[in-house]
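J.: For reference, each letter of the sequence shown is one residue, going 1097 to 1572 in the numbering used here.
Calculated directly from the structure, the hints in this document are not laboratory data. Treat the hints with caution; some may be incorrect.
With a straight-line Cα cutoff of 25 Å, these simulated BS3-like cross-link-like pairs (lysine-lysine) come out [stated by the list, open to error]:
1. Lys1200 - Lys1160
2. Lys1251 - Lys1296
3. Lys1160 - Lys1266
4. Lys1266 - Lys1251
5. Lys1382 - Lys1460
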Amino acid sequence: MPIPGVGRRPALMVCLALLALTIGLRAATPARPDASSFPDIVEHFKYGSIGAEENSGLPYRIWKVLPEVCADALPRRPGTGYERIGFISDGAPHGRPIGTSFRKGNGDRVGLNCATCHVGTLRDAPDAPRRVIVGMPANQMDLQAYGRFLSACAKSPAFETGRLIDAIRKGDPGFGFFSRLAYRLFVVRAARNGILDREKQNAWFDDRPAFGPGRVDTFNPYKVLLKVPMDRTVGTVDLPSIWNQRPRQGLWLHWDGNNDRVEERNKSAAIGAGATPASLDLPSMKRIEDWLLDFPAPRYPVERIDTARAAEGRGVYQAACASCHDLGTARVGQVTPVEEVATDRQRLDSFTPALAAAMNTIGKGRPWAFSHFRKTQGYANMPLDGLWLRAPYLHNGSVPDLRSLLFPEERPTVFHRAYDVYDWTRVGFVSSGPDAEREGVRFDTALPGNASTGHTYGADLPTTQKLALLEYLKTL
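Go ahead and model the full structure; you've got the sequences and the hints to work with.
T.: What follows is the structure in structure tokens.
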């Protein structure tokens, strides 16, 4: 039936546009909190939602084809597609890489989750199969490169509606007429605008050294979000491991010990990954939090440990390290002044008193509202469980292996990160040589925030004792 006052053909176009608008609006409405969960907790950790899709996610169909459409914008790293940014594919039936979540039914959006930053890889040797290790720092993931890829793609002529639709249809025969119409009318444009808006929010990237794989600036983005004055400090730090959270309850957390509540730490990380206070999927996050309380750190291969030397090293550890790093001691989880530990202070200075106060306004009016952020004057003494998988070392990831930590004169000024072959002698990942240079990413300790100075505890011990200590540290 014609619409009164409108001809048949214009009326048809109006109806189609309204229908397409309805489809598109579904993509913009808040995602259902009960979607995208997995019965198996490990799978849920790797692929379940924390609520980031609504605010910072992309339509899944567009996200899926971007590496094909904008292949020239990907980093020059090993792998294909999103692997070149550091996403890890492990053959999941849905085809998405680890660290990506999905909400179906409201635009089918993809976002990031906890596993984006807390799943890594390791190879025993260059020709050995790659092992995926849940809970370790994401040594492959370059979050800044991900943002830069999306921005470069959105500004490219390749990010064109017809080309995107053609790429989607090649892999998705069910991409029907009305969906295509919605994409032509506004979905592609909205996706582009969202990416470019986030690029504007991240303009501060350009004033600082690149993160590189396995690192992130955690709190400078909050200055933008909370309208705290931005300065020139570099807050880039190594991604942490997340196993054994129960013993960490009540310890001062984050590298500078700015909060002693595991739950606040987790929610602030989820917001950093793209969620908002309103979109946080609290039941999903609670499942993950409960599981991580007692999730154990992987053990160093026992056949690679000299047990006699490790036994000798235990005594050295007790004398030189345990008072700061053993659970149950007075100093573990406390903050050592930066003047004493003498490591790079940029991360410490980036978290200002004004930012601490602003962080405590997040969630105001909600039962979980933040209230425990504080400004400190140093770095927290961390427990050392699973230490062997937490390389590179120090808060900024500036020391490639434990041997270099104990022998400061061996700390390189330049090395390569993200090459995942393990160095069983130096206890860290191989960081030099042709293979590391070809597959890894260069790290320069001369750049702001990257200094490898400090934490020279035990450096004056006799070499035999340091080697015994190195052997013992493998057992933690």
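J.: Does each hint hold? Answer for all of them.
T.: Here is how each hint holds up against the structure:
1. Lys1200 - Lys1160: Answer holds: Lys1200 to Lys1160 is near 14 Å, not above 25 Å.
2. Lys1251 - Lys1296: Roughly 13 Å between the alpha carbons, so the hint for Lys1251 and Lys1296 holds.
3. Lys1160 - Lys1266: holds, 12 Å
4. Lys1266 - Lys1251: Between Lys1266 and Lys1251 the Cα gap is close to 23 Å, so the pair holds against 25 Å.
5. Lys1382 - Lys1460: holds, 20 Å
Going through the hint list in order, the structure satisfies each hint without exception.
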